[in-house]
Amino acid sequence: MFSQLKARFGSSLSIAIIAIIAIWLVGMVILPQLIMVDYSFRPNLLPKEIGGIKDTYSLSNYETLFSNDIHLSIFVKTIWSSVLVAALTLVVSYPLAFYLAKVATPGQAALCILLLIIPFWINEILRTFSWYIILAYKGPLNALLLSLGVIDRPVRFLSGDSGVMVGMVYAYILFMIFPIYNAIESLDTNQVKAARNLGAGWIRTHYRIIIPHAKPGIATGCIMTFMLAAGSYAVPALLGSPGSRWFTQIIYNWFFEGGDWNQGAAYAFLLLLICIGFIALVMRIFKVGLGDIAR
Amino acid sequence: MKSETIMRWGVRFYIGIFFIYLFIPLIIMGAATFNNSRFPTITPWKGATLKWFEALAQDGAMWTALWTSIVVAAGVLVVAVPIGICCALFLSTVQGRGKVFLYSLMMSPLLTPGVIVGISTLIFWKGFSVSGGIMLTVIAQTTFISAYVMLMVLARLQRFDRTLENAALSLGASQWQAFRRILLPYLKPAIISAAVIAFLQSFENYNTTLFVKGYDTTLTVYIASKVRTGLTPAVNALGLIMILTTVVIAIIYELKRRKEMTQLNTK
Amino acid sequence: MDSSVHLDNVVMNFGDFTAVQKTDLKIESGEFFSFLGPSGCGKTTILNMISGFLDPSEGVVRIGGESMVGVPANKRPTSMIFQNLALFPLMSVAENIEFGLEVRGISKVERKKASDRLLELVALDGSGNKKISELSGGQKQRIAIARALAVEPQVLLLDEPLSALDLKLRQRMRTELKDIQRKTGITFIYITHDQGEALTMSDRVAVMSAGKLQQVADPITLYREPETEFVASFVGENNAIAGTIENIQGNMVTLECGINGKLTGRGVGQLSKGQTANLFIRPENIQLGKKGDMVFNATIQEVNFEGSCLTLNAFISSGLSVAVQIATEEYSSLFIPKASIQLSFMSQDAVVIAGEEHV
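Protein chains in written order, with the working numbering: chain Y, 1 to 295; chain L, 1001 to 1267; chain Z, 2001 to 2359.
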């Protein structure tokens, strides 16, 4: 490989390119992850004890999670809620993605996409914050529902997980829309017309023709949304309550309140494993390979 | 045909609701800036005011956080853009079996949850006695922002006609001269776009920054902390300014991108 | 100055595939030399070996007598015009032309003089400030030429530069290229699959097929005295009648062609009795009636009017279709399909080359 680089760029530039890439990959991508995993298997020691007799490898940090009921329930809740967020986002996004890909004219689609993208340039924190205002106890949503007579008393949207999940759907919706849009767009519209011509109703057309074709996009969207939701800190921090903590918040506490980085590393690694596991699961369910998941 | 019309109006209704859902929160947040109410809301409306902008301007901590964000973003620019360019150059030149693996490796920071990037950076550098702060934040953010830069530069690089480099060589240019005079000018638009995106990504980052910031605070972290403690519509004021700035940049960027796309398609 | 190019027993292998078989060829200083052959015959590979973008697997490329082993492309006394021209899109016309001089550190003043001179040479004075995108196809061609000439190469390599142009433009560019070559005295090495181009412009042509040089000669010799079956059929139009060698007398060879009778032509190469061979006779050398010494009957298949001449396609006894070119004045309304006619040719004009039946 080096000779291919050298042929194009000459020796000095090629060496610089390889050196820079190596520093980044090794120093920022690979080693930190490995050290983190290494940390997770070692106990929390004082600096002078590191490398000494107490410094042994064990699974004790991982066992902590499974023996701590609260942490475990939060862990499970985080995963389950992230799955729900992905599912919810999928349901909300699919119609729009389909509309943009097949129903709208190119001009309408371009405009819609522009309108979609603009909010997403805005900070995730600000967008989540704006939901905070809406969902507040004395906020506009409650005011609206009260005035319409739908409810008698204001609802506490911001306690419990529902607020967090709504916020997440809002925050990550673009990551679901675009992969699905791209996937459906590549479907030959004539196939849809053919199906309709042969008498298929819309539901069957979607189920048998469109969705199978859009599978890679749906898979990508679900994966991205799940990972963003499971690994999200901002949204639960802003929209959640002490009773509805997110797993990431537990991890944070280990670092900055509990002072046990090794424990935190173990929890973090578990989170990473869950994400990877979810990717593998989705790929199997949807029968898509790594190559299909291209952005 | 009635069911078709119902469907069509149903679709329009859905699209309408969707976009309302997308924009309403931001509009409400912006509107709440002007409400003379201690708590940011538009209900009840207690009269229009600009005092929250004033309160914002006098918030010293906010200015410090803003400055920190800018310094970090500048640092990330300086480091991540060259890394991304190198990766793009590498991937577009090299063929072979290891390539797919290396590509996946380079993309992995993008798929790793932000908190994990932050945590791993924090732990790694503790071994070198470097703790949280501006430098660590730059390093942590560079880890994944480099990958964004790589993607953007690579996209343009792959459309480059390599016979131009051969032409330069056949005219006697050295490889360095061919790179500097032919390839780099071609990449300039992509590099600038990537730099803009890198800056914005750095500015708005929260999950990763949270773990590596140490005693320093970036603007985004500052906003989040204010929401939990000491929330006043001054935060809305800041939010509104940031939103307007971002929207302007976003619109300019998108329109430029579309113009470039149409130019390329007509050639 | 010696601007000769010597391919000293060069071979080019890509793994198991031999793109260019052992070739020993000397191109003279100041020659307009073409490599002619179909796609994939190896001509581009040869060009890349001369220019330095490829290193030969065996053998040595010499330019001006000097070995080019270890000399990279950007240090050779060659300059190349690429098939897609490869003009630098972000630079102006003048900047393109001056590029080769700029990288050599020539001063701005000198560079401007050079580009002005070259723009005049290619008849595009004053276009220096234009953008590449503003030029037409023919203009881009000429700028590519000007740019390549600016570095004053000893050898100019041209990779099918006219293939993207339309017919009239191509014909005009042919004359212009020939003109420039005469004026500058640079050795031109030209590759193409278009034999019209190769034959009109070149001093000598090397016909290539499947990595092997079939014949190297000036255009007229190639046309009149092809040495291989490939050359006979690739260069110009040619009819081929198969047969077995019956008799050899001096350089005249008689073929027993079965139902087509016995036909005689000039033999090429080592021939022996009993060998299968093809007799090649060009359409313009076949005449109506009994004027030649080889006479045979045929049935008209169709008549195609081509402006200055007529092409008659006729079936000879075996059913093979031969093309006959006659002058428009000789047209007769009797030339209808299925009509019988008598054709003849001079055995001097026919060429017999050994080989299986040519299809």
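If you're looking for bench data, these hints aren't it; they were derived computationally from the structure. Remember, it's a predicted structure, so these values are computed and weren't measured experimentally. Backbone N, C-alpha and C define an ideal beta-carbon position, used for all residues, glycine too. Keep in mind that a hint or two might mislead.
Derived DSS-like pairs (lysine-lysine); straight-line CA-CA distance at most 27 Å [stated by the list, open to error]: (1) Lys2131(Z) <-> Lys2108(Z); (2) Lys48(Y) <-> Lys1188(L); (3) Lys2212(Z) <-> Lys2026(Z); (4) Lys1099(L) <-> Lys138(Y); (5) Lys2075(Z) <-> Lys2183(Z); (6) Lys1126(L) <-> Lys6(Y); (7) Lys1188(L) <-> Lys2183(Z).
Residues of chain Z clear of chain L, computed beta-carbon distances all greater than 12 Å [said to hold, decoys possible]: (8) Gln2021; (9) Arg2062; (10) Arg2076; (11) Asn2096; (12) Ile2097; (13) Gln2139; (14) Thr2244; (15) Glu2256; (16) Gly2274; (17) Ile2336.
Hint check:
no.: 1; hint: Lys2131(Z) <-> Lys2108(Z); in the structure: holds, 19 Å
no.: 2; hint: Lys48(Y) <-> Lys1188(L); in the structure: violated, 51 Å
no.: 3; hint: Lys2212(Z) <-> Lys2026(Z); in the structure: holds, 15 Å
no.: 4; hint: Lys1099(L) <-> Lys138(Y); in the structure: violated, 56 Å
no.: 5; hint: Lys2075(Z) <-> Lys2183(Z); in the structure: holds, 25 Å
no.: 6; hint: Lys1126(L) <-> Lys6(Y); in the structure: violated, 37 Å
no.: 7; hint: Lys1188(L) <-> Lys2183(Z); in the structure: violated, 41 Å
no.: 8; hint: Gln2021; in the structure: holds, 25 Å
no.: 9; hint: Arg2062; in the structure: holds, 18 Å
no.: 10; hint: Arg2076; in the structure: violated, 8 Å
no.: 11; hint: Asn2096; in the structure: violated, 9 Å
no.: 12; hint: Ile2097; in the structure: violated, 10 Å
no.: 13; hint: Gln2139; in the structure: holds, 17 Å
no.: 14; hint: Thr2244; in the structure: holds, 51 Å
no.: 15; hint: Glu2256; in the structure: holds, 54 Å
no.: 16; hint: Gly2274; in the structure: holds, 52 Å
no.: 17; hint: Ile2336; in the structure: holds, 52 Å
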